[in-house]
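Combine both chains into one complex, guided by the hints.
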Amino acid sequence: MDLATRTVEEHENELGVGEKPRLRASVRFPIALPLHLVASTKQYDAVTDNISASGILFHLDELLPPGTQVEFLIEIPEGTIGAYQTAAVHCVGRIVRSYVESSTAFAAAVIEEYSFQ
Amino acid sequence: MTGGTTKIFMGELTTMEQPEAISVDGMPQSGKPLIRILLADSQAIYRVGMRKVFALEDDIRVVGQVERVDHLADAVVRHPADVLLMEGNLIAGTSDVIPEIVRLAPEMKIIVQTSGTDEAHTVELYRRGVRGIIPRSIAPDLLVKCVRKIASGETWIDNQSVTWVIEAYRSQATSITNPKSQPRLSPKELSIIACITQGKRNKEIAFQLGTTEQVVKNYLRKIYDKLGVSDRLELALYCLHHQIHKKASDQEGAMVVKAGVNGSASH
Chain V
713 MDLATRTVEE
723 HENELGVGEK
733 PRLRASVRFP
743 IALPLHLVAS
753 TKQYDAVTDN
763 ISASGILFHL
773 DELLPPGTQV
783 EFLIEIPEGT
793 IGAYQTAAVH
803 CVGRIVRSYV
813 ESSTAFAAAV
823 IEEYSFQ
Chain E
243 MTGGTTKIFM
253 GELTTMEQPE
263 AISVDGMPQS
273 GKPLIRILLA
283 DSQAIYRVGM
293 RKVFALEDDI
303 RVVGQVERVD
313 HLADAVVRHP
323 ADVLLMEGNL
333 IAGTSDVIPE
343 IVRLAPEMKI
353 IVQTSGTDEA
363 HTVELYRRGV
373 RGIIPRSIAP
383 DLLVKCVRKI
393 ASGETWIDNQ
403 SVTWVIEAYR
413 SQATSITNPK
423 SQPRLSPKEL
433 SIIACITQGK
443 RNKEIAFQLG
453 TTEQVVKNYL
463 RKIYDKLGVS
473 DRLELALYCL
483 HHQIHKKASD
493 QEGAMVVKAG
503 VNGSASH
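Order-wise, the sequence lines are chains V and E.
Counting from 1, position 41 in the first sequence corresponds to residue 753 in the working numbering; the numbering is continuous, with no gaps.
Counting from 1, position 18 in the second sequence corresponds to residue 260 in the working numbering; the numbering is continuous, with no gaps.
Chain E with its partners taken away, still in its complex shape (with noise of 0.2 Å):
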């Protein structure tokens, strides 16, 4: 990249001017396609230092930066690209940055900078959808390739975090298949769950239940919550697998019995 001139104003979005290398159709003269990289740091010298490295780079361009979590999404959309990179104190202490930006741009890829790793956070940011966790000190032509291999579509993982991720995934698959963990489900959940195996629609449900398809809806997501399910298929094995209906009718009839035993006691 011969490299246009740069604006910089401190916490508000700056566009990078069209640099000479690229050509009308958006391909550096490298043939390699452009990655477009939007910069989310609240550092400045951290900016100008990553806009440097790239600045070398024939076939990635800033497109746009941001210092502050609050600007993120209004430049996500302003400024279209196929990478963000963040710093991930950016969003210390917040649960729905990410998925607001995978919301607003599905197609852009998310690399998050963090100081130093812990289970917990990496597991849950490659859950929200982050393709990739650098530490702050990567070196200039560690972070090239891991842009280039997230724009590619690959996932940037270390070897602790592919552990960390297996090891998540097995526990959740666990408890899934674990009767132990079962979530309890209130009678109108089971029968929303039994219409839905008998192939019944949102809407005839709804009308069976004497209800609105909204609500059957909200019925449906807290259920699929609970159960940690994420279709209709998976549902009906899982309460297959669980015997969900049958310990359902089981207490309902130790209920019954107790009730009876009770009321004739009282007599």
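Isolated chain V, as found in the complex (with noise of 0.2 Å):
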């Protein structure tokens, strides 16, 4: 599968234009959708609470320290943005928040990179 890493410049490269930034931050979608995480060599399997094209909430058994670097696969279930297989986008980032609710583990995470497979 060919993988399609952006960055913010390539992405306004792609589009061929120079658009300034938005004022409007990541709007974020409150999606459950199935996440396997590899923080410090350890894997995790979580599910989202919600994600924006910069950023990601998940819970997940353990609390996962602030400013630990993550990679995680985001699995996008088959049909549902028009492929008729499983999608999913790699992303690399950074945990930016941690807390636990009733008992279940939460972390906020930043998406520093992504591509979709």
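Don't read these hints as lab results, they were simulated from the structure.
Even glycine gets a Cβ: it sits at the ideal position worked out from N, Cα and C.
One thing to keep in mind: the hints can contain errors.
Looking from chain V toward chain E, a few residues come up when the C-beta cut is under 7 Å (computed) [to be verified]:
| no. | residue |
| --- | --- |
| 1 | F741 |
| 2 | I763 |
| 3 | Y826 |
| 4 | Q829 |
Here it is, written out as structure tokens:
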């Protein structure tokens, strides 16, 4: 499968425009999707609570300390966005916030780089 | 500032002589970084007044001035400045002046002086890249403070404008997540979105659809504008959240069924 990693600059080049960032921040979509995460060589399974183009909130079994570098794969179910097979987004990011609520661990991460797979 | 002499020609650009207080490395003797200002104002009295205000400040230097908006682009290029202080009336009824200035001088911060404010105008100015909106009647010391703050990278915004901007942000965020306000996407746009979520690049999409990369770029720009998203991931999330493809295929199915029923009835 072809990777399509894009930075903001690449994205702007791709559109052929040098548009300035808009005032609006990224919109968070309340979508629950399975997430496979690797942090400090350990693997975790998690579920997303909300996702935006710049960050993600998810819950898992363990509390991840802020500052942890993470890599994760968000699974997109078959047929939901036109692909008649499971699609996935591979992301590289960093935990910026974590907390426990009703004995469930939550973590928020910024997405520094992503690629569709 | 000990003040160099000034040459003013109405309607033309002019530069100020190097003030004596500025050292050769461009740093004022006070040690503060030098703030270069470009004035754009149709009224000479305001330009003179503002220059007098800034002349008292060691770290602020007016590097150019312009009387008409059609001279502005030229002035921005010829007289690099840190801050553009512009009369709001100069850009009244225009929509492309500020984006053009931002494009020509992305590092320059823009301050707009207005006689009165309204919600839509204020939000639009900040949306286009203005860093501060101040009244024409602003006190000199506040003007200087505003220039320094904005030159250092801050935004100058009053409480009322903060409320307006946040409200605009909220309503935009609501409309983007509200299924009722979804725009219609053509079959071609839907297939481009599907290709994107499969990780295809523009060139590959163009090849698959039998068109050029530029056409795909144009489609993408249109899709982004329609949906109010800003990149591929946000586009995928939007489609996922609103089940765009499922709805499209449901509609397609309903049309096929309807056509079938009509076809049977006619036989």
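Checked hints:
no., hint, result
1, F741, "holds, 4 Å"
2, I763, "holds, 6 Å"
3, Y826, "holds, 5 Å"
4, Q829, "holds, 6 Å"
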